[in-house]
Amino acid sequence: MNTTGVLSFTQQAWEQVLAKVKRAVVYLDAACAESLHWGCGSSRLLEAVGSPACYMREFEPAAVGGGAEQLKAVFVLSSLLKGRIVETLRDIICRSHFQYCVVVTAVNHAVHLTANHVPAAAAAELEGQQPVFEQLEEKLCEWMGNMNYTAEVLHIPLLLAPVAPHLALTPAFASLFPLLPQDVHVLNSARPDRRRLGSLAEVDAAALTPELLLQIRCLVSGLSALCEHLGVREECFAVGSLSRIIAADLASFAPAKNRRKTASGRASVVFVDRTLDLTGAVGHHGDNLVEKILAVLPQLPGHTSDVMVNMVELTALQAEEESQNVVVPGCLAQSNDPAARALWEASLNTKHKEAVMEVRRHLVEAASRANLPIRMSMGRVTPGQLMSYIQLFKNNRKSLGNHCGLLQLGLATVQTLRHPQTAKWDNFLAFERLLLQSIGESTMSVVLHQLLPMIKPLKQRTNDDYSPEELLVLLLYIYSVSGEFSVDKDLGESEEKVKKALAQVFCEESELSPLLQKITGGAGVKTHLPMQEMQKMQVRSLGQEDPLEEEMTTHSNIAGKIPWSQEPGGLQSMGSQRVGQDSEHTGCDSSINLTFHKSKSAVDELFTSLRDIAGARNLMKQFKSVYVPGNHTHQASYKPLLKQVVEEIFNPERPDPVDIEHMSSGLTDLLKTGFSMFMKVSRPHPSDHPLLILFVVGGVTVSEAKMIKDLVPSLKPGTQVIVLSTRLLKPLNIPELLFATDRLHPDLGF
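Count the sequence shown with my numbering and you get residues 14 to 763, in order.
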């Protein structure tokens, strides 16, 4: 077993897809495209298609159908085959001439049964059968217009986007984010008074919305497939409320029980809620080149964890803004270029200065191999020096093609070093260090007073000043690193001054960013849904029967009652009305439509969230703080929660973890836990096994992944670690995730 497992898991899954795509039109959704992008590259898919007349297309309602000469289609989807997904399938097929359709879903059949409210007992009877997939195959033939045509529906676990051997992401779950105390109020609105939740500590699977619970089950399905590939029986642990629910679902996942009986290896899977430490996510402590590239370059469209690299410099076009849309952008993922991959992994695992020197070394060596007239220069690496090396390849088409991946990473480095936002990185870092000292020496109200002069309206701001979005990042840093604090009159007054200043800044923006539109659009908008419907939806949690709706209860009637619509809409959702979306929930695109009153209401709600962030660790007993006070020999500092978790896991004294909860996978574990109270029975411990899989729910930074990768072997040599997360984070991601309107009600496509 080794940590290349995440890469081989992804590549093996894609090999199964590639075996199906010869001479086909291939439709991919965004999450699967991102998995392909990092796992084996789109060129590998094009090679497998092997026909110039066939294409890759985005899976969407407006997607172009297949022409008369295109008789085969392969749909590669990360989601459940239900609702709008099936409608889109039908629409594309009906306007095409396909005679052979293959539909690949990353979600296994057991979860499809759950999504269609098949009780666990009935689902157990169906072991080895796939009625949902079989019915869809019939529908595909019907939509193609001939029941003798060929249709296949199969599950392939396309879960991961492997960024590095030690780090992989789950693009389909990029929006999954842990709960905040304010979410308890929303969940309580669907519960009778006598069953109201008191805090996040009381939230369990039955309390979640059906959509969120189903999203978790889809994730668990993929993680179980990964454990099967690695050949391990996993012990599940959790730090945080949502992590506890995910870990418990993986531990009790019925399709995994037989797998675990025959697994030869063992692994600990530890889930950690991102909300317990947002300081590391919004801070600028990471001295890492890749982290800065991700922060300053524009996001690659349709992707959550890659950026656009402007390639105009390698063309004969003028490097002007209009030219940027003419040339296809470069990116960071270079899965088919060994040299570029080596540089990428070196950049992930080294400090900024070392990574920049590594970029220079790779460019010099590539130019030398290509016999290009390179001029060596030592000393400090400058953007101009790197660009002079890159320009050598410009007029040499063969060398340009051979080293295209390396040149993309080189240009990403140059564009980041030249970017005005990179210079601001040090300003952020300096202010964060000042805040750390202030927090130890002053009250929270004094800390907020230090921020007040930095809140400037558009007309007064220079390039060195902070934008409204950057001020939100600083506020998140302050509240997250401070943790629980006492509320007094001075703090109330200080917060009120900051609120008014921020509200005024929002009003004076010439154009509101998408994030500010989201924040100001949500102000004062409440969700209303009849209590009866909310209760009905809550009943439909995984494994529970809905007394208000007839379910599929016996083997004999399963096939007849999977809710395929007889209308053109395909498979319809049962109880899938979306909560949390309101027709009035629209933002303002400029300050013209934003009144001070509405802006102030939005900022008030923003500070409610900030208070929630400050209190996120209140439920912890051991991991209550990420702040280390200074003394006469050391300055105050930030100690990442992930570092604390890893150090506790590998504490040589092996105390029973206080905040790292073990989730039992069945009666044996429960008995073992019970007997351990009065007999010498060892309770499961996360350091027991040779492989640690650490899953950060809500995103992880490059620096955090490197820290974990380096820390684990130093604490317990021989132990391997894989870091998984929902996405790679940059500071501005956190406000976007915090203020997402669908955190409790993710859009599952139906």
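FYI, nobody ran anything at the bench for these hints, they're computed from the structure.
Small disclaimer: the values here were computed from a predicted structure and weren't measured.
Fair warning: there could be bad hints in the mix.
Derived lysine-lysine pairs resembling BS3-like cross-links, with alpha carbons at most 25 Å apart [stated by the list, open to error]:
hint: 1; residue 1: K364; residue 2: K502
hint: 2; residue 1: K472; residue 2: K510
hint: 3; residue 1: K364; residue 2: K513
hint: 4; residue 1: K472; residue 2: K366
hint: 5; residue 1: K437; residue 2: K407
hint: 6; residue 1: K437; residue 2: K364
hint: 7; residue 1: K656; residue 2: K634
hint: 8; residue 1: K531; residue 2: K652
hint: 9; residue 1: K502; residue 2: K656
hint: 10; residue 1: K502; residue 2: K472
hint: 11; residue 1: K512; residue 2: K634
hint: 12; residue 1: K611; residue 2: K656
hint: 13; residue 1: K411; residue 2: K472
hint: 14; residue 1: K637; residue 2: K472
hint: 15; residue 1: K411; residue 2: K469
hint: 16; residue 1: K512; residue 2: K502
hint: 17; residue 1: K469; residue 2: K366
hint: 18; residue 1: K512; residue 2: K469
hint: 19; residue 1: K35; residue 2: K366
Ranges between beta-carbon positions, derived for each pair [claimed, not checked]:
hint: 20; residue 1: T732; residue 2: G643; range: 31 to 41 Å
hint: 21; residue 1: A214; residue 2: Q398; range: 23 to 33 Å
hint: 22; residue 1: E165; residue 2: L59; range: 37 to 47 Å
hint: 23; residue 1: Q434; residue 2: Q473; range: 11 to 21 Å
hint: 24; residue 1: A267; residue 2: P703; range: 52 to 62 Å
hint: 25; residue 1: K729; residue 2: N349; range: 41 to 51 Å
hint: 26; residue 1: C107; residue 2: E28; range: 45 to 55 Å
hint: 27; residue 1: R209; residue 2: P470; range: 49 to 59 Å
hint: 28; residue 1: A214; residue 2: D477; range: 26 to 36 Å
hint: 29; residue 1: Q473; residue 2: Q25; range: 53 to 63 Å
hint: 30; residue 1: D669; residue 2: N349; range: 41 to 51 Å
hint: 31; residue 1: R209; residue 2: T732; range: 36 to 46 Å
hint: 32; residue 1: R108; residue 2: E60; range: 24 to 34 Å
hint: 33; residue 1: L59; residue 2: M391; range: 57 to 67 Å
Heads up, the beta-carbon is just placed ideally off N, CA and C, and yes, glycines get one too.
Quick rundown of the hints versus the structure:
With a C-alpha separation of about 44 Å, the suggested pair K364 and K502 falls outside the 25 Å cut-off, and the hint is violated. Taken as a hint, the K472 and K510 pair is honoured in the structure, with Cα atoms around 20 Å apart against an allowance of 25 Å. For a cut-off of 25 Å, the pair hint linking K364 to K513 is broken: about 40 Å separates their Cα positions. For the hint linking K472 to K366, the alpha-carbon distance of about 36 Å lies beyond 25 Å, and the restraint is violated.
Distance restraint check for K437 and K407: the Cα-Cα separation of roughly 31 Å exceeds the 25 Å cut-off, and the hinted pair is therefore not satisfied. Taken as a hint, the K437 and K364 pair is honoured in the structure, with Cα atoms around 18 Å apart against an allowance of 25 Å. Simply put, K656 and K634 have alpha-carbon atoms about 16 Å apart, close enough for the 25 Å limit, and the pair holds. Proposed proximity of K531 and K652 is contradicted: the alpha carbons are some 32 Å apart, above 25 Å.
Restraint check for K502 and K656: not satisfied, since their Cα atoms lie roughly 35 Å apart, outside the 25 Å limit. A distance of roughly 32 Å separates the Cα atoms of K502 and K472; the hinted pair therefore is violated under the 25 Å criterion. Restraint check for K512 and K634: the C-alpha separation of about 32 Å exceeds 25 Å, so the hint is violated. Distance restraint check for K611 and K656: the Cα-Cα separation of roughly 41 Å exceeds the 25 Å cut-off, and the hinted pair is therefore not satisfied.
For the given pair, K411 sits about 50 Å from K472 by alpha-carbon distance, which is inconsistent with the 25 Å threshold. At most 25 Å may separate the alpha-carbon atoms for a hinted pair to count; K637 and K472 exceed this at roughly 41 Å. Restraint check for K411 and K469: not satisfied, since their Cα atoms lie roughly 51 Å apart, outside the 25 Å limit. Taken as a hint, the K512 and K502 pair is honoured in the structure, with Cα atoms around 15 Å apart against an allowance of 25 Å.
Taking the CA atoms of K469 and K366, the gap is about 33 Å. The hint is violated against a cut of 25 Å. A hinted pair counts as satisfied when its Cα atoms are at most 25 Å apart, and K512 with K469 qualifies at roughly 13 Å. Only pairs whose Cα atoms come within 25 Å are accepted, and K35 paired with K366 is rejected, the gap being roughly 45 Å. Distance hint check: the CB atoms of T732 and G643 are about 33 Å apart, consistent with the given range 31 to 41 Å.
About 55 Å separates the C-beta atoms of A214 and Q398, a value inconsistent with the hinted range of 23 to 33 Å. Our hint of 37 to 47 Å for E165 and L59 is violated, since their Cβ atoms are close to 21 Å apart. Checked against the given bound of 11 to 21 Å, the beta carbons of Q434 and Q473, roughly 20 Å apart, stay inside it. For the pair A267 and P703, the beta carbons lie near 27 Å from each other, so the given range of 52 to 62 Å is not met.
Taking the beta carbon of each, K729 and N349 are about 35 Å apart, not inside 41 to 51 Å as hinted. The hinted window of 45 to 55 Å between C107 and E28 is violated, with their beta carbons roughly 31 Å apart. For R209 paired with P470, a C-beta distance near 43 Å fails the hint of 49 to 59 Å. Checking the proposed 26 to 36 Å range against A214 and D477 shows it is violated: the Cβ atoms sit about 44 Å from each other.
The supplied range of 53 to 63 Å is met by Q473 and Q25, whose beta-carbon atoms lie about 57 Å from each other. A C-beta distance of roughly 47 Å is found between D669 and N349, which places it inside the suggested range of 41 to 51 Å. A hinted range of 36 to 46 Å for the beta carbons of R209 and T732 is consistent with their spacing of about 43 Å. Range check, R108 to E60: Cβ separation about 28 Å, and the 24 to 34 Å hint holds.
Restraint check, L59 to M391: a C-beta distance of roughly 42 Å breaks the suggested window 57 to 67 Å.
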